[in-house]
Structure formats: C-alpha cells, structure tokens
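Now for the letters of each chain:
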Amino acid sequence: MIFQILLILVLLILGYFVGSHLEKKHYQSIIKREEMLRDIPAVASKILPPGSENFNQVLVMGNVTISVDYFKRFLAALHNFFGGRVTSYESLLDRARREAILRMKEEAAVLKATLVLNIKYETASIYKGGGKAIGSVEVLAYGTAMIPKASIDAV
Amino acid sequence: MQYENPKIPEGINVTKVHPLKTFAILVSGLLVMLLVGAWLLGFGGGYLASKIPYSQEQRIADSYEGDAGLEQTELLRYLQALADKLSQQMNLEDGMDITIHYVDEGVDNAFATIGGHIFLYRGLLEKLPHENALAMLVAHEIAHVKHRDPIVSIGRGAAISVGMKLLLGDASPSLLGNAGLLTQMRFGRDMETKADQAGLVAVNTIYGGVTGALALFEILDGIEDNGLVKSPEFLSTHPASENRLDELREIANRNGWSMDNTPVPFPEFFNRSLLLR
Numbered sequence: 358m359i360f361q362i363l364l365i366l367v368l369l370i371l372g373y374f375v376g377s378h379l380e381k382k383h384y385q386s387i388i389k390r391e392e393m394l395r396d397i398p399a400v401a402s403k404i405l406p407p408g409s410e411n412f413n414q415v416l417v418m419g420n421v422t423i424s425v426d427y428f429k430r431f432l433a434a435l436h437n438f439f440g441g442r443v444t445s446y447e448s449l450l451d452r453a454r455r456e457a458i459l460r461m462k463e464e465a466a467v468l469k470a471t472l473v474l475n476i477k478y479e480t481a482s483i484y485k486g487g488g489k490a491i492g493s494v495e496v497l498a499y500g501t502a503m504i505p506k507a508s509i510d511a512v
Numbered sequence: 114m115q116y117e118n119p120k121i122p123e124g125i126n127v128t129k130v131h132p133l134k135t136f137a138i139l140v141s142g143l144l145v146m147l148l149v150g151a152w153l154l155g156f157g158g159g160y161l162a163s164k165i166p167y168s169q170e171q172r173i174a175d176s177y178e179g180d181a182g183l184e185q186t187e188l189l190r191y192l193q194a195l196a197d198k199l200s201q202q203m204n205l206e207d208g209m210d211i212t213i214h215y216v217d218e219g220v221d222n223a224f225a226t227i228g229g230h231i232f233l234y235r236g237l238l239e240k241l242p243h244e245n246a247l248a249m250l251v252a253h254e255i256a257h258v259k260h261r262d263p264i265v266s267i268g269r270g271a272a273i274s275v276g277m278k279l280l281l282g283d284a285s286p287s288l289l290g291n292a293g294l295l296t297q298m299r300f301g302r303d304m305e306t307k308a309d310q311a312g313l314v315a316v317n318t319i320y321g322g323v324t325g326a327l328a329l330f331e332i333l334d335g336i337e338d339n340g341l342v343k344s345p346e347f348l349s350t351h352p353a354s355e356n357r358l359d360e361l362r363e364i365a366n367r368n369g370w371s372m373d374n375t376p377v378p379f380p381e382f383f384n385r386s387l388l389l390r
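Protein sequence lines correspond, in order, to chains G and C. For the first sequence, this note's numbering assigns the number 358 to the initial residue and increments by one for each residue that follows. For the second sequence, this note's numbering assigns the number 114 to the initial residue and increments by one for each residue that follows.
Source of the hints: derived by calculation from the structure; they are not laboratory data. Given the structure is predicted, the values throughout are model-derived calculations rather than measurements. A couple of the hints might just be wrong.
[Claimed, not checked] Straight-line Cα separation of at most 35 Å, DSBU-like style, residue types lysine-lysine; simulated pairs:
no., chain 1, residue 1, chain 2, residue 2
1, G, K381, G, K469
2, C, K120, G, K382
3, G, K469, G, K389
4, G, K389, C, K129
5, C, K120, G, K506
6, C, K134, G, K389
7, C, K120, G, K381
8, G, K506, G, K403
9, C, K120, G, K469
10, G, K477, C, K129
11, G, K389, C, K120
12, C, K198, C, K307
13, G, K382, C, K134
14, C, K129, G, K381
15, C, K198, C, K164
16, G, K403, C, K120
17, C, K129, G, K382
18, G, K477, C, K120
[Claimed, not checked] Stretch-level coverage of chain G by chain C, calculated; a stretch enters the list once three of its residues show a Cβ under 8 Å from a Cβ in chain C:
no., segment
19, 393 to 405
20, 436 to 446
Beta carbons: idealized from backbone N, C-alpha and C, even for Gly.
My request is simple: use the sequences and hints to build the entire structure.
Shown next as structure tokens:
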C-alpha cells in the first residue's frame, strides 16, 4: 500500500517536471517556427482566389502524435470526477494542432507554395486497447498548397 | 493575394491556471470528501453497532472463550473477583458479564473487547504498585464494556472498511476476522475520558479515596516517557497521561474525594504468581 502510494508520488513528480520541461521546449520551438513560416498564410477558405490559374495545387499535410504525461493524466482523472474544464489537456491539444499546421506548412514551404487553402484538421485519440495504456492524441492537418507557376518554371 | 497572417497572442487556447494549483485544489477536495465519507460511515456504523443486543455481541465473542487459557489459577481468581466487585459497583446491565483473561507476556498493555472480555498483560501488572491502581485499570476497562465501546469501535471499523472496499474495489478479505477484532480495537479519545471518569467513581466508592487510582496514570506516564518516540497527543487516541491525571485530580477535588487514603497492598501471592510463570 505504502509502496504503491510512493510509486504514484514519484511518477507524479517525474511526470510534472519532465512533462512541463518538454512542453516548454516544444512551445519555444513552435513559436520560433511559426515566425519563420509566417509568410505562408493557411486559410480555411475553399474558394480559389482570383488569379488562381497562375498556381499549381498540391495536397500538403502535417501529422503529429503527442502523448500525455502521468501528471496531466492524473489531473484529468480528477477533472473527470469533479467536472469542469480539463485544463491539463488544453495545452496538449493546442500544441498538437499548432505542430500539425507547422509540419504541413513546412511541406508547403519545400514546394515553394505561397498560400495553403482549405485547411482541415482530423484528430484521433490513441488510447483504445489496453485499459491503462497511456493516452495520446493524433492531429492531422491537411490543405491545398498554392504554388506559383513562375517558381516552378524557374526551377 | 489578399490573405495575411497576423500574429496571434500566445496562450489564448489555454486556461491560465498553474497546474499545481489545480492539482492542490482537486486533491484536497477529494481528500475532504474521503474524510467526510469515512467519518459519516464510521459514525453510522458505530451507531448501528450500538443497537446490537448484548447477547448477540457475546455470541460473536464466543470465539475467545478458552483461547487465553482459562485455567483457574489463584491469580486469575483474584483478578476475576476484583472485576466482579467493580462491575457490581458500576451497575452493569443484566447479562453483561465480565471475563478476565491474563496474558503471560511482557507487554505494557490491557484492553477490553466485545462480549465483556478484558485482557490484562503481565508486563503492565508487574508495574502496578498496589491493588488500587489495578482496580482503576480494571474499572477503566469495565467502563468500556459498560459504554459498549468495543462493539461500537468494531461497527465503525467494519463500516469504513466496507466503504473502502466499495471505493477501491478490494480490501482485506475478512471484515470481521478474529485478528481484526482483537488488534484493531480503537477507542476514541472521548470514550477513553468517559471510561476514566466512570472508573474513578467506582474506585473511590470501593476504596474511599482515589490515591491509588491516580497512581495508575503516573505509571502510564512513566511508560510513555520510556518509549523511544513520544507521539503528540492529537495523534493518539488515549489522552496524554499528564492531562488525564490533571483532569481526574480536578474531578476528585470538585467532589471532595480523598486523595491521601492508604492504598490496599496486593495479596501476598500476587507478585509471586507473576514471577512464577
């Protein structure tokens, strides 16, 4: 009994420190890369802008799976009991969405696209199977990259 | 192209609460709920157990009969006679019989359990100076029986462990196992104080004073001091002996009971029987 409580405590402390360190580092990387890819807007609109005949369209996507640390999961279980916002998962999903968009934009940047249209998200939770398997979330972002024909000609 | 990509403020999708703060609030909420739940269960279980007829309590306790060696020694006859004298004085209900068991172990302990069984250990008896102190000890334990403390304590324990079993899914297999009955007896501090007072009244009536009775608590105090770790009073169910002593002295003062009566010595065979074994 005491051993179990100690184990949980150690896992909680470990989960908290390692988890928040990794999250901080991830956010720093996200903010830096978002700044770098700022000149490629990603838009949800389905309508091709005027002048689109000068662009080639290619499907681009970015996919990420982020796992939840022990501390966040413990907190979420408590939230499950009391109700209310599951605050510990908010940053997790925020990171996953932004990372997926970034990876999509990185693909678009390689293709020399100047715009990504009609972007959409797909999310999936990966915890089915083992009863106590650690939960993780997958986010897939995809859209239509608009590549100016001139840049292709130049290559 | 007319699209632009404005810089979005950081953190708008995340609630700005420190996770440790959330954790502290939720965990303490859970603990409070558990404690209140355990208290309610214990209170309810204790209340219901106090409604169990004494005859049923004795039936549950039948398993103790004979296990402590009811061999009729001179010592045991003497202890039993003392208990009978005290229980007569303390107006026990009809059918509430007190059975003394002497345990030949060097433990400084004595306790009452269900069915009116009182266990006295050699270790504690050896430390007592005279009959009055012994009478106070026995009277204290008889008072527990009279107040139905053992069965209430078991009722509390059983209700709480059933609750924990429901909540956690598993617990110790036997809720009312013999081991549980004997070792997990815990009386609340109010129970102890009431037992002290009832015992003191009986001892005063029989011996015409409380000197010897108070000596018991001085001895208990000494035993506590010898312990390696002295737990603070709020952690222990027995009130600290110094406080008990002060409280009982005050009661004796208020009632004008004699505090300088001469204690009755033990019969000649008492110490011999203790050493004999």
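- prompt: Which numbered conditions among the earlier hints are violated in the structure presented, ordered from lowest to highest?
  reply: The structure breaks none of the hints.
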